[in-house]
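*Asks:* Starting from the given sequences, assemble the full structure and let the hints guide the process.
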Amino acid sequence: MTKLGETIRGIIIGLQLSKSRIIQCYIYTPLGVLLFLAFLYGLNQLILLTSVNFPASVLGMIILFGIIIGHHGIFGHRHTAQLIRVIDIPAGFSLRWLGLFFTPSFITLPLSERISVGESFTIAAVFVIGYLILFALVVLICLCLQRWQPVKRNEENEGGASDINVSDIELQDQPRPELASSSSDEFDTVRELSPVANIIRPYNPGVDLSLDTEPAKPLLMPPANQPTARTLYIACVIRTYFDSVFYTIFTIAGMFAYFATGYGLPLQLPLTVVIFKLALAIPASYKRLLHPILFGSALTVLAIYVLGVVNHEDFFRNLRAYRTGRKYLNLFDKTSPLLPGAGDVFSSLMDVSIAALAVPMYTYRAELKQNYLAIVLANVFAAVVSVLAYPPICYHLGIAASRSLSFAARSATLALAIPINQVLGGSANLVAVIAILSGILGVFVGEYLLKALRVRKDDYLTRGITLGINSSAVGTAYLLGTSDPRAAALSSLSFVLYGTLMIIMVAVPQCVVLVRGWVGL
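Each residue of the sequence shown is one higher than the one before, starting from 43 at the first, in this note's numbering.
To be clear, the hints were calculated from the coordinates, so they are not data collected in a lab. Among the hints, a few may not be true.
[Unchecked claim] Each computed DSS-like pair below joins lysine-lysine, with the alpha-carbon atoms no more than 25 angstroms apart: (1) K329 / K61; (2) K319 / K329; (3) K411 / K329; (4) K493 / K329; (5) K319 / K369; (6) K499 / K329.
[What the hints assert, rightly or not] What follows is a list of derived Cβ distance ranges for each label pair: (7) T524 / L331: 14 to 22 angstroms; (8) C553 / M297: 42 to 50 angstroms; (9) Y68 / V422: 40 to 48 angstroms; (10) H119 / L73: 20 to 28 angstroms; (11) L76 / G559: 20 to 28 angstroms; (12) A494 / G562: 36 to 44 angstroms; (13) G562 / Q188: 55 to 63 angstroms; (14) A271 / Y68: 23 to 31 angstroms; (15) L556 / F298: 52 to 60 angstroms; (16) L76 / A299: 17 to 25 angstroms.
Where a beta carbon is used, it is the ideal one built from N, C-alpha and C, also for glycine.
*Replies:* Structure below.
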């Protein structure tokens with residue numbers, strides 16, 4: 043068989059082995075995401091008929107959670123598990139890539155209005171001191187409630203394992219499923235790959251041969267129907283790196299479209315994904331310093347700048363084209379001449395992620411029921427303090443009104459902080475920075491603060507609620523990384539409930555008018 047024939051055969055085998063995954067990832071998942079977007083679009087149209095200013099994504103999350111709970115009450119756990127498996131196709135995708143959807147706020151950060159040096163130091167001081175105070179107050183509330191109603195340290199997690207790994211919300215990529223089973227000889231051969239072929243699979247590094255082991259004798263004349271080593275190698279490359287190959291081809295095609303038409307979306311969309319995947323590949327020991335969201339955003343800004351220089355275009359014009367505000371909610375508005383950018387696509391997908399948070403909320407319903415008093419009281423306190431205390435304090439310390447309003451959502455996960463900030467009229471770029479940095483700060487100093495406040499290692503209730511409120515999904519991912527699933531479950535519930543409570547508060551027009559009045563608006 044010629045090299046060309048071996049290559050073609052290897053590609054065919056690789057595609058056949060990837061068939062089920064390709065169908066799910068590239069057909070079922072996009073269709074599911076489109077159904078989510080259509081559902082949220084319909085909700086938004088209904089909201090526009092009322093006088094209430096409430097994000098469709100959060101309303102969708104609440105409705106979806108109610109539907110799942112109602113289905114569980116009527117049909118039982120087994121049928122609900124089947125429903126969750128269907129919802130998880132688009133929901134799991136959107137939660138795994140939530141970190142990517144955060145990046146547009148950082149990429150467009152150079153477009154922010156300039157801040158004086160004095161105001162910058164004030165913002166930094168409020169950010170750090172406010173974090174420490176709220177952290178300590180939440181710990182105090184949890185410890186006091188446990189004195190009144192002690193929590194058993196050795197009880198098992200009644201909620202069960204989540205179908206969606208909460209650590210995937212911020213930090214991780216999609217897992218690579220193992221090779222699919224098949225009855226054909228070719229597929230069996232690929233599953234029993236030689237060490238040479240296995241070298242390209244970091245999760246299956248091959249056979250470890252000791253020095254005194256007699257090397258296997260090469261098969262000089264393989265059977266006619268047996269794939270050659272080259273065919274196996276190509277099949278394994280296609281099977282393992284199909285996504286990377288797809289996005290590479292997509293990026294190259296987008297590059298031709300960009301230089302031919304000047305429209306950046308076809309290139310900026312895959313380029314942002316590829317760069318973010320590279321940022322995720324950073325060794326774990328360096329991720330604390332080079333967080334994938336921050337590092338990936340910085341590299342994307344650099345790439346946009348280089349492409350603008352090559353194409354003789356203005357850097358800031360390209361950044362403005364990256365996110366024009368033409369999301370799915372106003373995509374059919376013919377009065378706007380602007381075309382959507384890559385950032386608008388990611389922002390639209392973030393709304394799907396917000397609605398998808400109903401799935402982990404259902405998964406950890408047992409923890410919510412068992413510890414509802416501590417969770418609710420701590421989150422109500424934190425939400426009220428954040429919305430009603432931060433803006434006036436910041437404003438009287440000399441921070442501009444719009445930036446003072448952004449601090450109301452400083453500890454919420456960015457997916458919920460953005461709609462809160464939009465309702466209040468705060469600075470979109472600042473809220474992105476402080477929301478993400480709040481999460482990263484919890485990873486850096488959270489453990490030291492808990493130790494300084496004498497929180498026990500086995501006090502999963504205090505650890506989970508505190509990091510969930512103060513460090514959102516990033517703190518939840520950190521707790522999972524420390525093998526503390528019960529604390530991670532409570533952290534997941536806390537950051538969702540905390541953000542939802544603030545959404546409900548700012549949905550009340552009188553509350554918004556009151557807070558904006560405190561900052562002179």
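*Asks:* Look at each hint and say if it fits the structure.
*Replies:* Here's how the hints hold up against the structure:
no. : hint                            : result
1   : K329 / K61                      : violated (33 angstroms)
2   : K319 / K329                     : holds (13 angstroms)
3   : K411 / K329                     : violated (35 angstroms)
4   : K493 / K329                     : holds (23 angstroms)
5   : K319 / K369                     : holds (24 angstroms)
6   : K499 / K329                     : holds (24 angstroms)
7   : T524 / L331: 14 to 22 angstroms : holds (18 angstroms)
8   : C553 / M297: 42 to 50 angstroms : holds (48 angstroms)
9   : Y68 / V422: 40 to 48 angstroms  : holds (43 angstroms)
10  : H119 / L73: 20 to 28 angstroms  : holds (27 angstroms)
11  : L76 / G559: 20 to 28 angstroms  : violated (41 angstroms)
12  : A494 / G562: 36 to 44 angstroms : holds (37 angstroms)
13  : G562 / Q188: 55 to 63 angstroms : violated (42 angstroms)
14  : A271 / Y68: 23 to 31 angstroms  : holds (29 angstroms)
15  : L556 / F298: 52 to 60 angstroms : holds (53 angstroms)
16  : L76 / A299: 17 to 25 angstroms  : holds (22 angstroms)
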